[in-house]
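Chains as they are written, first to last, in my numbering: chain W, 540 to 868; chain R, 1418 to 1873; chain E, 532 to 865.
Any given hint might turn out to be false.
What the hints assert, rightly or not - Estimated spans, in silico, between C-beta atoms of each pair:
hint: 1; chain 1: R; residue 1: Val1730; chain 2: W; residue 2: Glu764; range: 47 to 53 Å
hint: 2; chain 1: E; residue 1: Gly574; chain 2: W; residue 2: His678; range: 31 to 37 Å
hint: 3; chain 1: R; residue 1: Ala1589; chain 2: W; residue 2: Ala665; range: 54 to 60 Å
hint: 4; chain 1: W; residue 1: Lys765; chain 2: R; residue 2: Ala1589; range: 53 to 59 Å
Unchecked claim - Once the Cα atoms are required to be at most 20 Å apart in a straight line, the calculated PhoX-like pairs of lysine-lysine come out as:
hint: 5; chain 1: W; residue 1: Lys792; chain 2: R; residue 2: Lys1584
hint: 6; chain 1: W; residue 1: Lys842; chain 2: W; residue 2: Lys852
hint: 7; chain 1: W; residue 1: Lys590; chain 2: E; residue 2: Lys647
hint: 8; chain 1: E; residue 1: Lys735; chain 2: W; residue 2: Lys639
hint: 9; chain 1: W; residue 1: Lys590; chain 2: E; residue 2: Lys706
These aren't lab readings, by the way, just hints derived from the structure by calculation.
Here a beta-carbon is modelled for each residue, glycine too, at the ideal position from N, C-alpha and C.
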Amino acid sequence: MAVMTYREALNQALREELRRDERVFVIGEEVGLYDGAYKVTQGLLKEFGAKRIVDTPIAESGFTGVGIGAAMVGLRPVVEMMTFNFALVALDQIVNAAAKLSYMSGGQFNVPIVIRGPGGPAHQLAAQHSQSMEVYFYHVPGLKVVRPSTPADAKGLLKSAIRDDNPVVFIESETLYGIKGEVPDDPDFTIPLGQAVVRREGRDVTVIAYTGMLYRALEAAEALEKEGISVEIVDPRTLRPMDVPTIIGSVRKTHRVVVAEAGAGFAGMGSEISAFITEQAFDDLDAPVERVTGANAPMPYAKNLERAKTPSKEKIMAAVRRVCYANGS
Amino acid sequence: MAVTRVVMPKLSEAMESGKVIKWIKKEGDRVQGGDVLAEIETDKADVEMEAFGSGVLRKILVPAGERAEVGGLIAVIADANEDVSSVVGGAPARAAGAPPAPSPGEAGAPSRADERAPAAPKMPQREEFVTRTAPPPEAAVAPAEAPAPAVPSVDGERVKASPLARKIAAQAGVDLRLIQGSGPGGRVIRRDVEAAATGAARPALEAVPAPPAPARPAAPAAVAAAPAVEYEDVALSSMRAMIARRMPLSKAPVPHFYVTTEVAMDRAWELREQLNAMEGSPKISVNDFVIRACAIALLQHPNVNASFQGETVRVWHRAHIGIAVALDEGLITPVLRDAHAKSLGRIAVEARDLAERARARKLRAQEMSGATFSVSNLGMFGVTEFSAIINPPEGAILAVGAVRRIPVADEAGQLSVGRRMAMTLSCDHRVMDGAMGARFLADVKRLLEEPLRLVV
Amino acid sequence: MAKTLNHQDVAPVIEPALARKLLSQMMLIRRFEEKAAEAYALGKIGGFLHLSIGEEAVAAGAISVLRPDDYAISTYREHGHCLAKGSDPKRVMAELYGRRDGLSKGKGGSMHLFDKTHGFLGGHAIVGAHLPLAAGVGFAIKYRGEDRVIVCFFGDGAVPQGEFHEALNIASLWKLPVIFICENNRYAMGTALERALAETEIYKLGRSYRMPCEPVDGMDVLAVRDVVARAVERARADGTPSLLEARTYRFRGHSMRDPAAAVYRTKEEVERERLRDPIVLFRARALESGALTESDVADLEKSVNDTVDEAVAFADGSPEPPEEWLLTDIYKKD
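Chain W with its partners taken away, still in its complex shape (with noise of 0.2 Å):
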């Protein structure tokens, strides 16, 4: 097991997997020549030259059909947007055409494409540059979409998106590219998509975080632990498609929930999580399930404004006290 970084794990996924697959190139903004804006293709363009990875003009829609229409024919293109608030720009060609373009043809076309890059709330950038946007993408059938929290499941995550024979949305936590964490070396190392894992065990409530609100509540689960509340922990890792099976399970083992999501609560993850717990496991709650989410509104500049945007620890602590009408809430 090495040590690394998120970037560095994310940048060896890419390099394993283009060493592996020919069909395997990188395509954006910025990803050759200038080493990728947040260095996640540090380095690639000199192993494996201009031809596997490919500098775009501006042109999100564009280089973003360019990669849809290569993996028609049988290239796997990973697509780099340089933040994923840009994937705005090529929304219609990730929902009409990669999402569809297999149900479309009756199967006869697939579309193995990673279209990845970071995305959620990131420092002091404001509405256009921070914001969480998997919203847009995981309420689309025919497209799986990631969010993964750790280095090593960056790497294993991303490797299976690669290796997947259909689209996969891969966005990255822009505030998580630093952190570090025990990456495993083997070049076949792989996580599922589709499999949430426990990061923390725990009697008294499940907690469902991802990417940053992951360390939000793994500090809140510490806090709690000290006033007697046991918190379990699921990180979904793949939001679609989500790993519904493990999260019912700790439901039932615990019997209160609180999601915990950067977004804006509205018709958010919690929201669609909270359903079908509802729906599949409403004879195991204690409590409802409480959602504590990022405020409606769009991300401001202003630092504590921006602090105030996003879920706290306290928010987290002070939703798990009121699952379990503990006092203090």
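Using the hints, position chains R and E against chain W.
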């Protein structure tokens, strides 16, 4: 030795808070389990509260005259040398918004650790105007009596319980209605059911903020001093507030229909006079005949002895008959249990006892709930005929008028004087239809017209 | 100046085999779409049905110069392109009918014809969005070092879209073997060219992207063939893309819901354009040049009619897709 937390007991299904009328035991008294600790005023009656643990009554947290939410800590029983500070340290469960009653001559609230029971609340100052909605803060008034308006419930009878609590209760055979919920708004949650299933002490309500109870407006005593006012707004008594809250929950959501009949009471009247003339036999009222007739008929008409449950209709195989008793401040309906299995004499004795204790507000909690059917008789007021509002979850109520002497014509057209009584059955249409109600009513009529059936 | 609209440039002698092929191809498309319109009127085809009657020369001419392993990609007005690329008329009609034996198992319909075995990459119904896909296919061809090409059909309505410009820019920048063929039928639905484009000579936009570009008479199947052949040759040689503007006209409405002569154009204009009917013109030339005889044409006509009748019968006889297919083909199983 264990510390026993004395909490405001839930004495009726709808009870949300209660008032300590007086403490029978005072701080420092030795207490045995089963001793009466205090008298509690609920929505419906004054009830004696028993101790569930033994030791010394160490602390009284809610003095006489004050209210506490159901489940709220009101006192602590422990050994004389036990440290109870951690238990007492928590926020007392006085109903929010009800100011503590100051002792006479004291500016502030009495110390809750005061040895003496706090004195009665100071009388309100005479006011210029009697019409107002809230007293000024400096006016010491009687604590609010209206129950805290907790989360409005469309179904007044529904027990609020978490899905998990319901599942566990069903598995353990625990009746959720008998459990005091410790969750928000009195929600029964898992630990409440588990505590009930294992017989453990009920946990205290934890930090659930209750909406403030409205304070009582100026006392009507001021009215006499100001006869010139055009009108006055009289505060609702607990009971009136309760009735006001509950009745629309019946009348609006329960689709009522009514079936009326007239009963020839001549033979029943005669029989009653004969029975009442027998030495040593209890005095039997017309209403006792009606109750007995209903009890017998209910077993034959289970459709009428039934409750609407949303997805199902619960058909009762026992007849617990609620008897409406008019009080000055409202109405109360004590329950005569298993009326179908009781003789007319027994019914007479029990009904009288229930009515007397209802008027004295000495009913026990379990005597105020669980009816499957009710009888309301306004005959003593000379009412000839009326219709009543169903008391959910019951499916029907019988409204009984006075027995009147009126001219009646027999089949040959000959006029004579007969005793007649009108009865109107109010039915929940979700449970039964017109014909079901009519058949039941016909049987009650037949039983009353052939009253020997009621004594055999 | 690029090549003109004058068919004098085309070799005066027409090979009988080619004449037979082009004429039967165009007649097949025409007959197929006439029958589709009939089926639509009978309620056997639902949704949108966009006919290319009048535009057959572009599909037949352009695709006639492709190899079977070349690709074609198109819009939602793509029955002709799909048939010309070699798809079985029976399966195309079954798809229009929403039946199990349709090319896309009845899940795509008229606007989403796909035929992988014939290199037909789809009917795409978001205007302009398939141009980047064509560039992507060109990218894959180049990536693999193949000498294939892709022909990308689109209407004049796609030209104002950003993706037209993004795709042309990328294809030229990276030298991708894509032949962009604009079927300029002068109306984007109901919006005339002049009301939508600052530069109405569409082929000229290719110059902005330093791409070979030519206009061509889209009613002259041989002229189309000639222009596309040159573009294909360039693309095969070194990946050079082209922008071709085929000036054509649709005789029917935008879709079946749109009468042929609606408010946006006059009946007289439609009647005038009908005089340029590509099938009538080419048949006359083939007869004139002696490539075909009247009886050849009559045989072709009968054969085409039989093929289309078979297609209709096949579609009618194909069952509806089973309900469990609702949830298949959303993802490819690994």
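### Task
Please name the hints from earlier in the document that this structure breaks, with their numbers sorted from lowest to highest.
Numbers 4, 7 and 8 - these are the hints that the structure violates, sorted from lowest upward.
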